[in-house]
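Undergrad: Sequence:
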Amino acid sequence: MYYMDKKFLAVITVGFLILLIGCIGEEKLTAEQVRDRSQEAMEKVETYAFDMDISMLMKGGEIPMLGWVKNRTSEDIWSEGSYANLVKDMGVELLDDEKVDGKDCYVLEIKPKDISKIFEVITQQMGSTSTLTAEDLESVKDVGFKEWIAKDTFLVRKMFVNLQMEKDNTAMDMSMTMRFYDYDEPMKIILPEEAEKAIDMESMAGGMIPTK
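Numbering (my numbering), first residue to last: 4 to 215.
Honestly, the hints are just simulated from the structure, not real lab data. For clarity, every value in this text was computed on a predicted model and none was experimentally measured. Ideal Cβ placement from N, Cα and C applies to all residues, glycine included. Careful: at least some of the hints might be erroneous.
Taking lysine-lysine and the DSSO-like style, the derived pairs with C-alpha atoms no more than 27 Å apart in a straight line are [what the hints assert, rightly or not]:
1) LYS191 to LYS106
2) LYS149 to LYS102
3) LYS191 to LYS73
4) LYS170 to LYS114
5) LYS144 to LYS116
6) LYS200 to LYS62
7) LYS149 to LYS170
8) LYS31 to LYS47
9) LYS114 to LYS73
10) LYS102 to LYS31
11) LYS144 to LYS47
12) LYS31 to LYS144
13) LYS191 to LYS144
14) LYS114 to LYS62
15) LYS149 to LYS116
16) LYS149 to LYS47
17) LYS149 to LYS114
18) LYS47 to LYS170
19) LYS106 to LYS154
20) LYS191 to LYS116
21) LYS73 to LYS154
22) LYS116 to LYS73
23) LYS31 to LYS73
24) LYS170 to LYS144
What follows is a list of derived Cβ distance ranges for each label pair [stated by the list, open to error]:
25) GLU112 to GLU46: 17 to 27 Å
26) ALA52 to ASN172: 33 to 43 Å
27) THR50 to SER178: 24 to 34 Å
28) ILE57 to PRO195: 12 to 22 Å
29) LYS154 to ASP187: 15 to 25 Å
Model the full assembly from the supplied sequences, consistent with the hints where possible.
TA: Printed below as a string of structure tokens:
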């Protein structure tokens, strides 16, 4: 009986040691550290693919379906430097871990401290093709982001954006979900035939919320 007790105690001790080693081995990071490491990892990426789903809830107005649109931009339109500076000006909170496509991910909730800076970066990046106005900025009531960042690579696996606006008695709630994959994988882009007649964005004018 004494031998069995000692054996049982040894097993428990080994179990606790393994658990302790596991806890020590998993580095506890702050929200800011996760954000910074993710930015460093994304800056090294050459290519990636993503799927994007957009849903829009709107009352008091109509948004016509335009179909394909095209836009001339520079190669560095979404420069990592501008994005990095923008994110550093936002508040970040580390939420509970989740899985995306089977991968363990950190989850960051990002809230801008100054919405005008987001519009400033977008306008700078899009240049003359930007249709954003001061009225659009005033119409924004709330905007928030969530990012799912892979623990093993610190690459973004998923992003969620929610934008709430109100203009001319028209309220709009827009949500966008993006899933990222095939980082630095060879890819071939084929222009769909129907996209050859796309509307040029430079010919489009107006604010972000069209009304009746």
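Undergrad: Please go over all the hints and tell whether each is borne out by the structure.
TA: Consistency of the hints with the structure:
A threshold of 27 Å between alpha carbons decides the hint, and for LYS191 with LYS106 the separation of about 26 Å falls inside it, so the pair holds. About 14 Å separates the Cα atoms of LYS149 and LYS102, which keeps this hinted pair within 27 Å; it holds. Annotation: proposed proximity of LYS191 to LYS73 holds, straight-line Cα distance about 19 Å (limit 27 Å). Of the pairs offered as hints, the one joining LYS170 and LYS114 holds, with about 22 Å between alpha carbons and a cut-off of 27 Å not exceeded.
For a cut-off of 27 Å, the pair hint linking LYS144 to LYS116 stands: about 13 Å separates their Cα positions. Note on LYS200 and LYS62: the hinted pairing is violated, with a Cα-Cα distance of about 31 Å set against a maximum of 27 Å. Using a Cα cut-off of 27 Å, the hinted pair LYS149 and LYS170 holds, with the two alpha carbons roughly 25 Å apart. In summary, the hint linking LYS31 to LYS47 is supported, as the alpha carbons are separated by about 24 Å, within the 27 Å threshold.
A threshold of 27 Å between alpha carbons decides the hint, and for LYS114 with LYS73 the separation of about 30 Å lies outside it, so the pair is violated. Between LYS102 and LYS31 the alpha-carbon distance is near 18 Å, which keeps this suggested pair within the 27 Å criterion. Note on LYS144 and LYS47: the hinted pairing is violated, with a Cα-Cα distance of about 35 Å set against a maximum of 27 Å. Distance restraint check for LYS31 and LYS144: the Cα-Cα separation of roughly 34 Å exceeds the 27 Å cut-off, and the hinted pair is therefore not satisfied.
Of the supplied pair hints, the one linking LYS191 and LYS144 is violated, its CA atoms being roughly 40 Å apart against a limit of 27 Å. For the hint linking LYS114 to LYS62, the alpha-carbon distance of about 25 Å falls within 27 Å, and the restraint holds. A threshold of 27 Å between alpha carbons decides the hint, and for LYS149 with LYS116 the separation of about 15 Å falls inside it, so the pair holds. Simply put, LYS149 and LYS47 have alpha-carbon atoms about 22 Å apart, close enough for the 27 Å limit, and the pair holds.
Simply put, LYS149 and LYS114 have alpha-carbon atoms about 9 Å apart, close enough for the 27 Å limit, and the pair holds. With a CA separation close to 40 Å, the supplied pair LYS47 and LYS170 exceeds the 27 Å bound. About 8 Å separates the Cα atoms of LYS106 and LYS154, which keeps this hinted pair within 27 Å; it holds. Simply put, LYS191 and LYS116 have alpha-carbon atoms about 39 Å apart, too far for the 27 Å limit, and the pair is violated.
For the hint linking LYS73 to LYS154, the alpha-carbon distance of about 36 Å lies beyond 27 Å, and the restraint is violated. Pair hint LYS116 plus LYS73 does not hold up; C-alpha atoms about 32 Å apart against a cutoff of 27 Å. Using a Cα cut-off of 27 Å, the hinted pair LYS31 and LYS73 is violated, with the two alpha carbons roughly 44 Å apart. Pair hint LYS170 plus LYS144 holds up; C-alpha atoms about 10 Å apart against a cutoff of 27 Å.
Between GLU112 and GLU46, the C-beta spacing of about 22 Å keeps the proposed range 17 to 27 Å intact. The supplied range of 33 to 43 Å is met by ALA52 and ASN172, whose beta-carbon atoms lie about 40 Å from each other. Checked against the given bound of 24 to 34 Å, the beta carbons of THR50 and SER178, roughly 26 Å apart, stay inside it. The given range of 12 to 22 Å is respected by ILE57 and PRO195, whose C-beta atoms sit roughly 18 Å from each other.
For LYS154 and ASP187, the Cβ-Cβ distance of about 19 Å falls inside the hinted range of 15 to 25 Å, so the restraint holds.
Going down the numbered hints, you'll see the structure goes against 6, 9, 11, 12, 13, 18, 20, 21, 22, 23, while the others check out.
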